[in-house]
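Participant: These are the residues of each chain, in order.
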Amino acid sequence: MMNNAAISDLIIKMADDELIQGHRNSEWTGLGPVMEEDIAFSSMAQDKIGHAWALYRILHEDLAGPDPDKFAFLRPEKEFKSAHLVEMPNGEYDFSLMRHFLFDHAEAIRYESLQDSSFEPFRMLSKKVKGELKYHTLHANAWLMQLSKAGEESYHRMQQSLNDTFALAAGLFEASPEHESALIADKVYPGEKELFHRWMDRIYPLLVQASLNLPDMKTITPVYGGRQGFHTEHLQPLLKEMSEVFNLDAEASW
Amino acid sequence: MSHKITIAAVYESLEHVMDPEIPVLSVIDLGMITEVDLGDAGVHVKMIPTFAACPAVSYIQHNIKTTLENELGVHVSVEVDKQVHWQSNRMTPAAKEKLKNFGIAPPKVLTGEVNTEIMLEVPCPHCGSEQTYLRSPFGSTLCRAIHFCKACGQVFEQFKPLE
Numbered sequence: 006m007m008n009n010a011a012i013s014d015l016i017i018k019m020a021d022d023e024l025i026q027g028h029r030n031s032e033w034t035g036l037g038p039v040m041e042e043d044i045a046f047s048s049m050a051q052d053k054i055g056h057a058w059a060l061y062r063i064l065h066e067d068l069a070g071p072d073p074d075k076f077a078f079l080r081p082e083k084e085f086k087s088a089h090l091v092e093m094p095n096g097e098y099d100f101s102l103m104r105h106f107l108f109d110h111a112e113a114i115r116y117e118s119l120q121d122s123s124f125e126p127f128r129m130l131s132k133k134v135k136g137e138l139k140y141h142t143l144h145a146n147a148w149l150m151q152l153s154k155a156g157e158e159s160y161h162r163m164q165q166s167l168n169d170t171f172a173l174a175a176g177l178f179e180a181s182p183e184h185e186s187a188l189i190a191d192k193v194y195p196g197e198k199e200l201f202h203r204w205m206d207r208i209y210p211l212l213v214q215a216s217l218n219l220p221d222m223k224t225i226t227p228v229y230g231g232r233q234g235f236h237t238e239h240l241q242p243l244l245k246e247m248s249e250v251f252n253l254d255a256e257a258s259w
Numbered sequence: 522m523s524h525k526i527t528i529a530a531v532y533e534s535l536e537h538v539m540d541p542e543i544p545v546l547s548v549i550d551l552g553m554i555t556e557v558d559l560g561d562a563g564v565h566v567k568m569i570p571t572f573a574a575c576p577a578v579s580y581i582q583h584n585i586k587t588t589l590e591n592e593l594g595v596h597v598s599v600e601v602d603k604q605v606h607w608q609s610n611r612m613t614p615a616a617k618e619k620l621k622n623f624g625i626a627p628p629k630v631l632t633g634e635v636n637t638e639i640m641l642e643v644p645c646p647h648c649g650s651e652q653t654y655l656r657s658p659f660g661s662t663l664c665r666a667i668h669f670c671k672a673c674g675q676v677f678e679q680f681k682p683l684e
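Residue numbers (our numbering), protein chains in the order written: chain F, 6 to 259; chain G, 522 to 684.
Please keep in mind that the hints were generated in silico from the structure rather than gathered at the bench. It should be emphasised that the depicted structure is a prediction, and the values quoted were computed from it without experimental measurement. Just so you know, not all the hints are guaranteed correct.
As the list claims (entries may be wrong) - Short, incomplete list of chain F residues facing chain G, as computed with Cβ under 7 Å:
no., residue
1, E41
2, I44
3, A45
4, Q51
5, D52
6, G55
7, R128
8, M129
9, K133
10, G136
11, K139
12, L143
13, H144
14, W148
Every residue, glycine too, gets a C-beta built ideally from N, C-alpha and C.
Input sequences plus hints: build the corresponding full structure.
Facilitator: Shown next, in the form of structure tokens:
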């Protein structure tokens, strides 16, 4: 017997991360530093929002959850479970790229693990998403390498952005105190602690290759709270903008 | 009514449903059709999108329904098949040839997972040279990447391999 409340909680936090990160990516549309990057972030925005939509659909169709559009656009801020990392404004391009690198590897690790999930819709979706994410991490890795080897200023900015984003990225792996043990016991997924270790094993050699130094883990406190509905001041304005058109007529058919 | 319709006739009709983003390829060429059933209520078609966020899915579903209903005169229902996911290896060799003639480099055949190497030295659809490099894994639609050909000096798009 599956614990539907626990699975729903996991789906919502994954989907909300994708939706909010997708919206942030879309904010680079028309503003990218070069045309290819403009297109890349816009494409990744589309992918992320598509993945969020697929997750909200699982919630709706397999777990008797609400209508995906209404759930995405009409929920109050407190009910979002996105991590603080994805809420942060885009800032300079170095910050956006580093967040993209850390976030997309975390996602790749998560979807890879879901291939063995006891929850069938996760197994089906993960096969599809995993292949698409390859292009996101390929893109992130290429820029991480190029910009870390593009002179002193560029290197320092990449290192600084890593220092600034790492605690936020570690906050992606915030376990639910209420549901985590059930999800692990039911083999829905391996759990946040395990995913965090797999993620570290994945990003570490890439950072070494780029000559970047991970901040001292003893000085890092992962930024938690998002999964419990405690958000930064940046989420509410984002939600207002994101749902502006939808709210003009929530019953409209698109 | 529907007893006159054969599976072969449905597939033939499906060859007339073109992809809105690559109008030289049909849903059959792309390998988007996973199942066709003939029932008392009419024809039931199962299909899959190339990329999960493909914005053309409902448009393609609608085109399948109207094309088949017009050509075969039966009721048609179309659903997205959740049990199968699209891979670029589903594309037929004939489809790859059409794609190349349209000016888009086809995906290389995947033998394992997508890696960096498979995106390198993609033959240029204009001059055939392999002196090319990947300029961006993202292009004008979700399924395309951008390459540059050093031999003819042209930018070109490629239909991305997807595992």
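Participant: Hint by hint, which ones does the structure fall short of?
Facilitator: 7, 14
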